[in-house]
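Asks: Sequence:
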Amino acid sequence: MEAWLSGPEGGVAASRLARKYGLSDDPRDVIGTALLRIRGLATRRTSPLPSVNSPEEAARYAYRTVSNATIDLARRNTREKAMLVNVSVLAPDAPSVESQATAKVFVESMFAKVSELVAREVPCTGCQRQIVLAATTEILHLVLIEGESDGARGQSWFDDVIYETVDRSTKGMDLLPAARRQRKSRCKRCVMDLIALGLAELGYRRG
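The working numbering puts the sequence shown at residues 751 to 957.
Please note that a few of the clues may not be correct.
SDA-like cross-link-like pairs, simulated, lysine to any residue; straight-line CA separation at most 25 Å [unchecked claim]:
| id | residue 1 | residue 2 |
| --- | --- | --- |
| 1 | Lys854 | Gly953 |
| 2 | Lys921 | Gln878 |
| 3 | Lys854 | Leu892 |
| 4 | Lys770 | Arg787 |
Ranges between beta-carbon positions, derived for each pair [said to hold, decoys possible]:
| id | residue 1 | residue 2 | range |
| --- | --- | --- | --- |
| 5 | Arg870 | Leu786 | 26 to 32 Å |
| 6 | Arg870 | Lys770 | 39 to 45 Å |
| 7 | Ala792 | Gly772 | 29 to 35 Å |
| 8 | Arg879 | Arg789 | 24 to 30 Å |
| 9 | Glu866 | Ser774 | 18 to 24 Å |
| 10 | Asp822 | Pro927 | 17 to 23 Å |
| 11 | Lys854 | Ser756 | 46 to 52 Å |
Derived from the structure by calculation, the hints contain no laboratory data.
Virtual Cβ for every residue (Gly too), placed ideally from N, Cα, C.
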């Protein structure tokens with residue numbers, strides 16, 4: 751199954767499924783996610799899969815894993831886009847003194863809240879807490895202080911902040927490209943969850 755995923759057929763399937771589900775992620779991320787799932791399954795099992803008895807069946811199983819991974823990533827992206835909008839609308843609507851003052855008060859409250867949540871060891875699978883806090887802090891500076899929004903630069907700025915933070919923190923670590931992409935993806939989810947939890951605990955409501 752790993753051979754199929756790592757070969758040209760796996761790459762073609764990942765690209766086709768990514769287009770089908772409107773996934774903007776690199777198809778290699780889909781393959782990486784599918785590989786991790788299959789390796790995890792192999793680690794947990796003590797006997798071969800009963801439904802895989804030939805190369806053809808192995809290929810079909812691998813394809814289903816890629817398909818499921820693509821669907822899960824597409825759902826995750828939908829949740830992230832909704833969260834991105836939620837965070838971005840916190841920026842002042844106009845550069846007035848009053849709106850800037852309101853934003854400053856809120857960002858200070860949000861900084862305190864996310865720091866408190868991290869100190870409480872809110873679980874984040876696969877990403878170090880200091881990375882999550884560093885990326886979240888930088889995002890809040892951009893959104894609430896500098897007035898960045900999803901309308902200005904798209905989601906890329908949000909991804910860039912998280913990915914650059916991960917790169918800085920893992921500099922010198924011997925990570926394969928697929929492993930580095932997976933780490934970035936996990937950290938991104940953790941940052942989104944931390945922001946959402948912080949907003950919820952502050953009782954934030956737009957308007």
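Asks: Hints first: check each against the structure and report whether it holds.
Replies: Hints, one by one, checked against the model:
Proposed proximity of Lys854 and Gly953 is supported: the alpha carbons are some 17 Å apart, at most 25 Å. Pair hint Lys921 plus Gln878 holds up; C-alpha atoms about 14 Å apart against a cutoff of 25 Å. Using a Cα cut-off of 25 Å, the hinted pair Lys854 and Leu892 holds, with the two alpha carbons roughly 12 Å apart. In summary, the hint linking Lys770 to Arg787 is supported, as the alpha carbons are separated by about 21 Å, within the 25 Å threshold.
Remark: the range hint 26 to 32 Å for Arg870 to Leu786 is upheld by a beta-carbon distance near 28 Å. Judged by the Cβ atoms, the range 39 to 45 Å given for Arg870 and Lys770 holds: they are separated by roughly 41 Å. For the pair Ala792 and Gly772, the supplied restraint of 29 to 35 Å holds, since their beta-carbon distance comes to about 31 Å. At roughly 26 Å, the beta carbons of Arg879 and Arg789 sit within the given window of 24 to 30 Å.
In this structure, Glu866 and Ser774 break the distance hint of 18 to 24 Å, their C-beta atoms being roughly 33 Å apart. Asp822 and Pro927 have their C-beta atoms about 21 Å apart, which keeps the hinted 17 to 23 Å range intact. The hinted window of 46 to 52 Å between Lys854 and Ser756 holds, with their beta carbons roughly 50 Å apart.
In the structure shown, a violation is registered for the earlier hint numbered 9 alone.
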